[in-house]
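Q: Sequence:
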Amino acid sequence: MAAQSSRKRLRDEVTCAICLDFFSDPVSLDCGHNFCRSCITPSRAKAPAACPQCREAIRPKNWQPNRLLANVVQIAKELEREAERCCEKHQEPLKLFCKDDKALICVVCDRSREHRDHAVAPVEEAAEEYKGHICSCLENLRREREKILAYKTDSEEECQDLLKRTEAEKQKMVAEFRELRQFLEERENFLLAEVKNIEEEFVKNKEEHLARISKELSSLDDIIQELEGKRQLIASELLQDASSIRQRCEQKQMSENLVVFPLKLKWKVWAFCEISPILENVMKKFKGTLPYENRPHKENVTLDPGSAHPLLLISNDRKCLTLGDKKQDLPADSRRFVDYLCVRGESYFMSQMCYWDVEVGKEEGWAVGICGFSIVIKKDEYLGPKTRVWAIGKWNGKYRAVIHPHNPPLSLSGEPRRIRVILSCMGQKVSFFDADTAALLYSCRLLTLFPMYQPFFWLWKKSQLRICP
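Numbering (numbering that gives the first Met the number 0), first residue to last: 0 to 468.
Each statement offered as a hint is correct.
Computed list of lysine-lysine pairs in PhoX-like fashion (alpha-carbon distance at most 25 Å, straight line):
1. K286 / K297
2. K169 / K286
3. K205 / K267
4. K460 / K361
5. K267 / K195
Bear in mind the hints are in silico, worked out from the structure with no lab data behind them.
Please build the complete structure, drawing on both the sequences and the hints.
A: Written as structure tokens, this is what we have:
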């Protein structure tokens, strides 16, 4: 305690009364008091005109550097640093480290009841041990940092790739809509031109018809006027021209009926009237095909026992598929696969965009995808687009597209455990994704348009396929 009190008195003696810290470049005033040069030097602000301690006037030109005090300050600083390394309770050097309490202790503390049964080591030994821990932590943290940097790089690359794909699809969409607008505009102009031609033909026929009618009316008016005059004649005069008058009247009565519009023109009109219903129907189908919310809906797919090969086992909920040891005694069914270990899904799709997920695990010997409605493949045929099967699978250590005869391997960055199948019937396209990362695995066009498609499953090893709920 005495040593602690002495250190406090020494600290008080080497503390500047202005900044309350150790003297820095101390100077002595005429009155004998000492201050830091920076604390007492006049500045733009108003400087003290008197000593802050005794109020005696100060003259800067008489200040003297106090080198002795500066040396004492350095000694006091060193003593304070040493005091910090001493036990506050026993004033002994902290030469030991208590591993239980994670604290520096002195030899007296080591013998005390508080630390008697604790694991204690010299400071240098404990420091080396902890340096080893720190090095190990640093190594782990550096590895973690490298992982994060690699993840950051991969994320940026994936982001750029997705942005490129989005931009490419946008450009395709813009081009398709431009072509569609151009096509519709051309068809509209063509049909409007047809209407205009029909209208002009009608007007022309109408004018010609009216001209003929006017001519006939004028001729009739002349005859009527002449006959009105003849009727007033005496009998002898009237009978002189009776034969001629009668002949002219009969000719007018026997004239053919005037045709207003040609039959061909009328058929043109009726044919043109059929265009509007066609346009309405096309527009209705187009709106249904291209909805505003362009997202596939999740399909509740189940396995069709009637199409399953006799060696395939289907769970009660029709969601899980495994390979049995022997053939089951199943009823004959024209839909059943007998030459390939395959099964179809019960659902069928005609125009919608839908998806389903299949858990494939880490084993091989499987394929999933779609097939044409109710197909059955014979032993002399091969699975692939030619037999209306579009699928991917895993065998011989590689993920592959089911395309006979090469079954090309897929270039994947990981091993997907869940496959998402997305089918766009109207887009005539099927795509396969890693359901856990949204990474595209494979995509292909359905070059031939079939009326309906069904989920397709192929299993020939002791693996398991499960349709996710």
